[in-house]
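K.L.:
Position chain B relative to chain A; hints supplied.
Below, each chain spelled out in residue letters.
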Amino acid sequence: MTRGLYGVALISIVLIAIGVATTYFGSRYHLRLVYGAYVNLLVVLGLQVFMGNARITNLSHSAFMGIGAYVAAICVTPETVKAISLPQAPWGLNAFSLDPISSALIAIAITAIIAALIGLIIVRLTAIGATIVSLAVLVIVHSVFLFRTDIFKGNQAFFGIPQVFSLTSIVILSVAVVFIARMFRESKWGVQLRASADDELGAQASGVNIHQVRLIAWILSGILLSIAGIAYAFYLGTISARPFYFNHVFLTLAMLILGGMRTVTGAVLGTLIISFGLESVRWIETGPVVLGIDLPEVLGLSGVVLGAVIVLTMAFRPEGIMGDREVEDLLLKP
Amino acid sequence: MLTLTGIGKSFGGVVAVHNVSLTISAGEVCGLIGPNGAGKSTLVNLISGVMSCSEGQITLANQSINRVNAHNRARIGIARTFQNLRVFPSLSVAQNIDVARYRGTQDPIVDAAIEVFDLKDKLSTPASVLSYGHLRRLEIVRALALTPKVLMLDEPAAGMNEHETQTLGQSLEWVSSESDCALLVIDHDLKFIMSLCKRIFVLNMGELIAEGTPKEITRNQMVVDAYLGEEHEKAASTA
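So the sequences go chain by chain: A and B.
Just so you know, we're using our numbering here: the first sequence kicks off at 1 and counts up by one.
Just so you know, we're using our numbering here: the second sequence kicks off at 335 and counts up by one.
Extracted from the complex, chain A is given alone in its bound form:
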């Protein structure tokens, strides 16, 4: 556990340093870029808690992020705004508004309950079965966001959310979530879950209730994903259904696979590399002039690069950059 805390401290220093450098030297564009990267970091860490430790691919994580974002948005947005944006909202959803903290807590609680209900099914399935069900959950949740326009406004912008978060807030949140994800990995549940991923029968014979530890990880994952959604909504002030669907699932999955899903360090590394690397790719995509050479516009290049990252990682280093090693394993003796 002490080694784990050392690892958390090292990662935190990097995250804080990026945050401070952006605050003091970055433009407004850089601020949004880093904020977006940190939101994705929260998502990837939430994904790692279940997928990395249980080694069961989850494709519904963006849906849980969306649930967190929308519930918080509905609770926190002033009635005056909701009277315009959600005039047909049922159950009096447009007749109240709460403070940001209460809204966030309600969003986390509701996401946790939904995660628990879905988790009861997911944890009993084989790995491939669980992955297919998680995909179905993503599609169901997205359909609800899209077609219950009276509550979620579908593809239209849900606006008027108070922008109460700053870069400082998300840096603090990221450090806290790194700590939670790492402590879970080293906790009795985390170790038991990793054991069950190595060998189910061996874990059962060692007294591990596999369904129970998977469910705990699944719910914790849902909670962290809802926090990512809340951070997203509370910064942008406007959300819609589209960012919580396939593209985002694919992006964050690539981040976790590249860094290495088995470790928290891998999750952080993969997120930082892809978040900032993809920005360079997007720049090339626009057809810039480099050293006097007018490069052609290459639309869709970022999608190709993202897919290539997954293909190449799976082909040449399926365990990701970090494998089973956390950052302190590179610096300290065993």
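Hints listed in this document are in silico derivations from the structure and should not be mistaken for laboratory results.
Careful, some of the hints might be misleading.
As a list, the in silico DSSO-like pairs of lysine-lysine whose alpha-carbon atoms are at most 27 Å apart [unchecked claim]:
id	chain 1	residue 1	chain 2	residue 2
1	A	188	B	456
2	B	454	B	483
3	A	188	B	454
4	A	188	B	483
Pairwise CB distance ranges, derived in the manner of DEER restraints [stated by the list, open to error]:
id	chain 1	residue 1	chain 2	residue 2	range
5	B	443	A	117	40 to 50 Å
6	B	347	A	149	54 to 64 Å
7	B	443	A	331	31 to 41 Å
8	B	466	A	147	56 to 66 Å
9	B	418	A	250	29 to 39 Å
10	A	323	B	546	48 to 58 Å
Ideal Cβ positions, reconstructed from N, Cα and C, are used throughout, including at glycine.
P.N.:
Coordinates of chain B only, in the frame set by chain A:
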């Protein structure tokens, strides 16, 4: 303490274990022998809850455990190792032991067992890089971390040389002397089984054909015909 009453297991029309009844008392060291396909590992799977019985009753300390699932059987004191190693390669040796230790009480015998089974210097080593002999020992210590009432060892000496087998035997005698844990050892190494166990059960074609001390077993004609005869012939041919 552990009592099997007429237990059996069928796979479709194939009967793997039929009408086996036996009792193992606390602290006893018992052996389970028989030819390949006799149903030894199936019996261990039935006792540990990996498979459910088609017939019969299993009781631990007079409580029926037929409906108790595998992980809960481990928690109430039925521990086992596997014929094919089932350690956790991505975890360190200490973490492998902790997986089971979390379920049991912090028994000082586990710390002592780590030393006796020669794992003390390897606690922070990933299990993936351990030698075969150490992996076998790790699996036993992990099972002991459950503070079991019954520990079933499925071919613990398989793949070990004579010296390693001898050391393993001494370590298992230590377990027996230091705890009330009953041991049920399956192995094809008859020298190892005969020297370690006080009582031996013989399975053949899924049925219990004999039970007794090592001396009684070696003189039992049914056992000689069904199992020991093969060994004798092998020993004779190699000599």
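K.L.:
Against this structure, judge whether each hint is valid.
P.N.:
For each hint, the structure was consulted:
The hinted pair formed by residue 188 of chain A and residue 456 of chain B meets the criterion: a straight-line CA distance of about 20 Å does not exceed 27 Å. This hinted pair checks out: residue 454 of chain B and residue 483 of chain B have alpha carbons roughly 24 Å apart, not beyond 27 Å. For the hint linking residue 188 of chain A to residue 454 of chain B, the alpha-carbon distance of about 21 Å falls within 27 Å, and the restraint holds. Annotation: proposed proximity of residue 188 of chain A to residue 483 of chain B holds, straight-line Cα distance about 23 Å (limit 27 Å).
Checking the proposed 40 to 50 Å range against residue 443 of chain B and residue 117 of chain A shows it holds: the Cβ atoms sit about 42 Å from each other. Taken as a hint, the range 54 to 64 Å holds for the pair residue 347 of chain B and residue 149 of chain A, whose Cβ atoms sit roughly 60 Å apart. Between residue 443 of chain B and residue 331 of chain A the beta carbons are some 36 Å apart, a value that agrees with the proposed interval 31 to 41 Å. A beta carbon spacing of about 59 Å between residue 466 of chain B and residue 147 of chain A agrees with the range 56 to 66 Å that was offered as a hint.
Between residue 418 of chain B and residue 250 of chain A, the C-beta spacing of about 38 Å keeps the proposed range 29 to 39 Å intact. As the Cβ distance of residue 323 of chain A to residue 546 of chain B is approximately 53 Å, the hint placing it in 48 to 58 Å holds.
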